[in-house]
Amino acid sequence: MVFSSGIFLFLFLPIVLLIYYNPLIRSRSFRNIFLFLASIIFYAWGEPVYVLLMLSSIVVNWLFGRCIMAGKNSTVIAALAVVYNLAFLFVFKYLDFAITNCNNLLNLSIPLFGIELPIGISFYTFQAMSYVIDVKRKPELAQRSLLNVGLYIACFPQLIAGPIVRYETVAQQIRERTESWNDVTVGLRRFLWGLAKKVILANNLAKFADLAFDGTELSTALAWLGAAAYMLQIYFDFSGYSDMAIGLGRMFGFRFDENFNYPYAASGITDFWRRWHISLSTWFRDYVYIPLGGNRVRPARHILNLFLVWLLTGIWHGANWTFILWGLIYFLLLMLEKYTPLKRVPKLFGHLYTLLAVCLCWVLFRAPSLSSALEYLKAMFGAAPLGIWDGNASIVLTNGFVYFLLGAILSFPIVPFFAKKTFVQKPVVQYLLAFFQLLVFLLTIGFILSSSYDPFIYFNF
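Residues 2 to 462 in the numbering used here are what the sequence shown lists, from first letter to last.
Mixed in with the good hints there might be a few duds.
Claimed, not checked - For lysine-lysine, the following BS3-like pairs were computed, each having C-alpha atoms within a straight-line distance of at most 30 Å:
(1) K348 - K421
(2) K379 - K421
(3) K427 - K348
(4) K379 - K339
Please keep in mind that the hints were generated in silico from the structure rather than gathered at the bench. Computed from a predicted model, the values in this text were never measured in an experiment.
Could you build the full structure based on these sequences and the hints that come with them?
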């Protein structure tokens, strides 16, 4: 079940909200139990077998926390938890990749297991590790209740695609949060904004990106248009989903941290990664980079620390050499910013080179293999089979112009800039904005009802 599906919008979410806010039932325990059960149904709708896998992860990590709570050797228990969770993730996400590479390297013929990737496994596994590590650091955060740990890991607003919610940030909210209809209103507004970004922009831009990336012979123009379409698609796809998750969390009283902050407005690669998928960046910072010593070490060790973080970042995104190389390229770009004069370039130049670097890196991220990524990049820089321009480029530019334009405008903090102006608070402006939001919502529903094309990139991770 996805947030942009009719079954979620018109059946699941209304029923869950009506029961959750039933005025006859205000018990915190009941609301947590109900929200946990609703989350299990939400996940089981698309993963009826793998829901048992997630439940086993919840139970095992709760037991690790209980062991720490009981005064066992917390360092050993936390290390065992990390090993368990990484092994858990390795089997279901990377085992066949490892076997394939061993076969190629050693000329073996070990059969593949063909394990289907469970949706959201990278997200909920990282949250499970966050629980044990945070309890190790602050044993008073440990939960006696298996239900509360289950709700933290399985809560459906952020279950299958983040943001990755660190346990320390919501531990108290699980036990003591307050909800109100104002939360529902604010959360619903945020949810609908994210839904519009996903359905109107990301889904339509995806069609142009797919045309360029899915085996069509390229012209140079089509290659650049396809790369730009994917660059905008992945942003509105993932940030839209994050908006929906944050909005849904707010409806149930949770305050999740922001996951995006206009990353394409960044003036450098370091700045970009402070704005893009913030929950993943901060997870690696707090649980890997800082424990390794961060930047409070000698330059050689600092470089090694960053190398390990970005190697792991690439691996986290998928079992493919394209993701690993993608992560290592960002490591090299960050090294250039930290140890060369590149960190002192004018802001405009920094912004332009960041956009170009990110765009080229997205090509590697989107390509199914290193060889296809190389062919695509060659087409972008003039070695295209169809020359500079072709008919498909004209089709993309003609049919996609509005989506490209809207995408470019909304990728920058233009709306927040105007929202801070005093005239926005005037009643007549507020009425016009409410009417505009209604029109956007109706347009979004129209797109949902008229199209079955609803790709989502981060389900793959």
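For this session: Starting from the hint list further up, note which numbers the structure goes against and sort them upward.
Result: 2 and 3
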